[in-house]
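Chains as they are written, first to last, in the working numbering: chain Z, 787 to 998; chain R, 142 to 563.
Simulated from the structure, these hints should not be mistaken for laboratory data.
Be a bit skeptical, because a hint or two may be false.
Covered by chain R, according to a simulated footprint, are these stretches of chain Z (three or more residues, beta-carbon under 8 Å) [as the list claims (entries may be wrong)]:
| # | segment |
| --- | --- |
| 1 | 808-814 |
| 2 | 844-850 |
| 3 | 855-862 |
| 4 | 865-871 |
Just the calculated beta-carbon pair ranges, DEER-fashion [said to hold, decoys possible]:
| # | chain 1 | residue 1 | chain 2 | residue 2 | range |
| --- | --- | --- | --- | --- | --- |
| 5 | R | Gly-477 | Z | Asp-983 | 21 to 29 Å |
| 6 | R | Ala-411 | Z | Gly-907 | 34 to 42 Å |
| 7 | Z | Gln-980 | R | Gly-349 | 47 to 55 Å |
| 8 | Z | Arg-978 | R | Gly-349 | 15 to 23 Å |
Quick reminder that beta carbons are idealized off the backbone N, C-alpha and C, glycines included.
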Amino acid sequence: MGKRLVTRTPTTFTFATAQYESGDWDSAPLVPPNIIDTIARYTEIAVTPAGVIVSLASPDLLRYPLVYLTGHLPVRFSDAERRQLREFLDRGGMLFVDDHNHDVDGVFHKTATEEITRTIGEPKMLPNTHPLYSAFFKFDEGPPTTSHELNGWGDNLVHKNLFAVMREARIAVLYSSKDYSSEWGYHPDSKRFQSVDNTKFAVNIVVYALTA
Amino acid sequence: MLELAARCGALVLLAFMIVRSAAPRDSAVVRERTDSRALDAALNAWTLAPEPTSVHVTAAFAPAQKEREWLRALARAGVRVSWSGDSLPATAIEVAARADPAGGVRAYVAASSGSGAMLSDAVGLIDTLDITRGANVLALRVTAGALDLRVGDQHARAFAPDSLLPRQVVVLGRAGWEGKFAMAALEERGWKVSSRLRVGPNVFVTEGAPLALDTARTAAVIALDSSAASYASAIARFERSGGGVVLAGDAPQAPALRALAPGRAGTRIAAASLSFAGSTPRRALGFYPVVGLAGDAVPLESRDGYTIAAARRVGAGRVVQLGYDDTWRWRLAGTGDAPGAHRDYWSSVVSAAAYRATKPVEGASRLGDAAPLALLYADLGAPGTPLAAALQGAPGLRWWMFVALALPLLSEWASRRLRGAR
Numbered sequence: 787m788g789k790r791l792v793t794r795t796p797t798t799f800t801f802a803t804a805q806y807e808s809g810d811w812d813s814a815p816l817v818p819p820n821i822i823d824t825i826a827r828y829t830e831i832a833v834t835p836a837g838v839i840v841s842l843a844s845p846d847l848l849r850y851p852l853v854y855l856t857g858h859l860p861v862r863f864s865d866a867e868r869r870q871l872r873e874f875l876d877r878g879g880m881l882f883v884d885d886h887n888h889d890v891d892g893v894f895h896k897t898a899t900e901e902i903t904r905t906i907g908e909p910k911m912l913p914n915t916h917p918l919y920s921a922f923f924k925f926d927e928g929p930p931t932t933s934h935e936l937n938g939w940g941d942n943l944v945h946k947n948l949f950a951v952m953r954e955a956r957i958a959v960l961y962s963s964k965d966y967s968s969e970w971g972y973h974p975d976s977k978r979f980q981s982v983d984n985t986k987f988a989v990n991i992v993v994y995a996l997t998a
Numbered sequence: 142m143l144e145l146a147a148r149c150g151a152l153v154l155l156a157f158m159i160v161r162s163a164a165p166r167d168s169a170v171v172r173e174r175t176d177s178r179a180l181d182a183a184l185n186a187w188t189l190a191p192e193p194t195s196v197h198v199t200a201a202f203a204p205a206q207k208e209r210e211w212l213r214a215l216a217r218a219g220v221r222v223s224w225s226g227d228s229l230p231a232t233a234i235e236v237a238a239r240a241d242p243a244g245g246v247r248a249y250v251a252a253s254s255g256s257g258a259m260l261s262d263a264v265g266l267i268d269t270l271d272i273t274r275g276a277n278v279l280a281l282r283v284t285a286g287a288l289d290l291r292v293g294d295q296h297a298r299a300f301a302p303d304s305l306l307p308r309q310v311v312v313l314g315r316a317g318w319e320g321k322f323a324m325a326a327l328e329e330r331g332w333k334v335s336s337r338l339r340v341g342p343n344v345f346v347t348e349g350a351p352l353a354l355d356t357a358r359t360a361a362v363i364a365l366d367s368s369a370a371s372y373a374s375a376i377a378r379f380e381r382s383g384g385g386v387v388l389a390g391d392a393p394q395a396p397a398l399r400a401l402a403p404g405r406a407g408t409r410i411a412a413a414s415l416s417f418a419g420s421t422p423r424r425a426l427g428f429y430p431v432v433g434l435a436g437d438a439v440p441l442e443s444r445d446g447y448t449i450a451a452a453r454r455v456g457a458g459r460v461v462q463l464g465y466d467d468t469w470r471w472r473l474a475g476t477g478d479a480p481g482a483h484r485d486y487w488s489s490v491v492s493a494a495a496y497r498a499t500k501p502v503e504g505a506s507r508l509g510d511a512a513p514l515a516l517l518y519a520d521l522g523a524p525g526t527p528l529a530a531a532l533q534g535a536p537g538l539r540w541w542m543f544v545a546l547a548l549p550l551l552s553e554w555a556s557r558r559l560r561g562a563r
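Model the full structure from these sequences, guided by the hints.
As C-alpha cells, then:
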C-alpha cells in the first residue's frame, strides 16, 4: 500500500515515487523534495510540500497521475504490479522512469525496458522538438546533459534523446538513461551553490504531465 | 280547360326544377372511414365525378399530411369537409441534433400522461416508454432516418432538422489534473480543444486558439477555476452572443464571473464516500455547492440536499455551473469503464451549454408529422358531427320529376290530337 505522508487537497500536485517489489526503488530519496522545491520555486502550481511513496501494485497508484520510478538493480514487476500499472497508463497516467545507473548495458536499463515493453509497449526515441522540451523552460537541444554523463560514468555516453511510449499524442512512459536521479539527488538547500539550476527540466516534466 | 291545367302544371314543375337545379346542391355523397387506407381510396373516389358536396372522416388516427392536404383541396373546391375522432391520442415529437461530436440526437416526446409509447427509427424499435407527466426526453447516440413515436395507432414522426457544424471548446484556468483530464475526456469524445493554462506569473501553456472567443470558432468555454476571471469580459461577451460557458469548481467565486453564474459557489464539501463503486460514483468527489440560485436558474444535479450543477440563460447563451473540481479522480480511480463515464459526463456538461452552429438538413421537415393531432386541427379545424344522417335523403333533381313533367305535357298533346287541334 502507498504511504500517505501528508494531508492534501485533491487539486494540488503531489509528487509520487513508485515502490516495486524487486530492486532498490528508494535509491534516490532526495529527488522528490528537490523537485517539489523546484516546482514551488518557478511555478504557481499548488504542490504538496512532501512527496508520497506509492506501490505499483496498489489501487492508490490511481490517485497520482504522475509517478517517478528509479533504481540500480534489476526490475521485475509482479503480475499485480504489471496489471495495475497498465490500468494506470490506460487511464491517462504518466510514468517517468530514470536509470540511476546511467548505463545502457546495466541491469536496470535492460530489465526496466523489458518490463515496460511487456506492460505497455516498447519505448521509442523521443524527438528533441517534442513539446516536453518547451512546456515551461526551453530546451532547444533536447534533454539537458547531466554531470554523470560528462564525467564518463556509467556507459560513458551522452544520451542525446529520451525515450517514450506514446498513447495517442501523449507521453505515457518517459524513459531516461541520463541518470537525473543522481543529478537531482541533493538537498534543495544546496541549490544556491549552483550557478545554473540543473533541476529545471523537472519543471518541464511536471508541467507537461499536468497540461498535455 | 284540362289542357290549360296540364300546361300550367308542367310549367310550374319545370320552374321548380330550374330553381332547384340553380340552387346550391345539397344532395350529398357521404363517406365515412376508419383507417388511413380507406381514406386514401375514398379521396380518389370523392375527387372523381360525381363530386360530393360533403364528406366526413371518422378518424381512428390522424390522417397523414398528404390526405389532409387533399381534404383541404376538396374544401377549397366547395366540398364541406368535417372530421371526428374521440379516441385520437395527442402525441408530439421533436428531434434536435445533440451538440456533441459523437453525434446522436435528443428526442423530446409528449403524449397523454401514463400512456405507453414506442419509439423507433428506420431500423426498428429503439425503446418503449412510459410517458410520465406528459413528456420525456431521450438522448440517443445513433439513429437511422426519422424517429417515429407510436401511441396506439397514432404515429408522430420527426427528423433532426439540422446538423451540427463543429466548433472548438476552450479551457481556461490553472494547470492541474482537472484541466488535463477534462481536456483528455473531451478530445477523446471528438471535441477540438484549445487551452490556456496558467503555470506561473504571466506564464501560460497554450494549445490551439484559446482566445478566439466568438461563436464562429468556439462552442463553449470552460473556466476551470477562479483564475479564469482575467478573461471575464471576453467570456461574458462570448456568452451573450450565444456561446456556452461552464463555470467549474470555484470559478463563480471570482467577482468578475459571478454575474454570469446560476448561483454562488459555496464552501467546498468533502466527498461523501471514499469509493467510486456503485451507481453514484460522483459521491466520491468533493464539490462546491451551488448556493443562492438565481430565479431563472435550473438545477441539473443535486445530492444530499446540495445543488452541484445548475444552468441558466444569460443573453443569447447558456451558463452551466459545475461544482466539481476533481472529476479526474473518478476517471483514474473509478470502477468499471470510469474513463468512458467521465468522457460522457464532461461531454454532456459541455453539450448542455454549447453554442449550436447548425446547417439545415434539406427536406427534413417533409419527413413526417411531428404533432399529428395539432396539425389535423390546424388543417381541418375542430372536429364536427357526422353529416351522414342529416344529409341522407336531401332533395335534388330526381328521375320522377322528369316523369311528372312529361305526364301533363303528354296529356295535353293527346287531348289536342283527339279533338283534332294542332
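Hints and how they fare:
1. Restraint check on the segment 808-814 of chain Z versus chain R: 0 residues with Cβ-Cβ distances below 8 Å, three needed, restraint violated.
2. Note: the segment 844-850 of chain Z has 3 residues with beta-carbon separation from chain R under 8 Å; the three-residue rule is met and the coverage holds.
3. Counting residues of the segment 855-862 of chain Z whose C-beta lies closer than 8 Å to any C-beta of chain R gives 0; at least three are required, and the coverage claim is violated.
4. Chain R is given as covering the segment 865-871 of chain Z, and this is violated because 0 residues of the stretch bring a CB closer than 8 Å to a CB of that chain, at least three being needed.
5. In this structure the supplied range 21 to 29 Å is violated for Gly-477(R) paired with Asp-983(Z), their Cβ-Cβ distance being about 44 Å.
6. One distance hint, 34 to 42 Å for the beta-carbon pair Ala-411(R) and Gly-907(Z), holds here, with the actual separation near 38 Å.
7. Between Gln-980(Z) and Gly-349(R) the beta carbons are some 37 Å apart, a value that contradicts the proposed interval 47 to 55 Å.
8. The given range of 15 to 23 Å is broken by Arg-978(Z) and Gly-349(R), whose C-beta atoms sit roughly 39 Å from each other.
Checked against the numbered hints above, the structure breaks hints 1, 3, 4, 5, 7, 8 and satisfies the rest.
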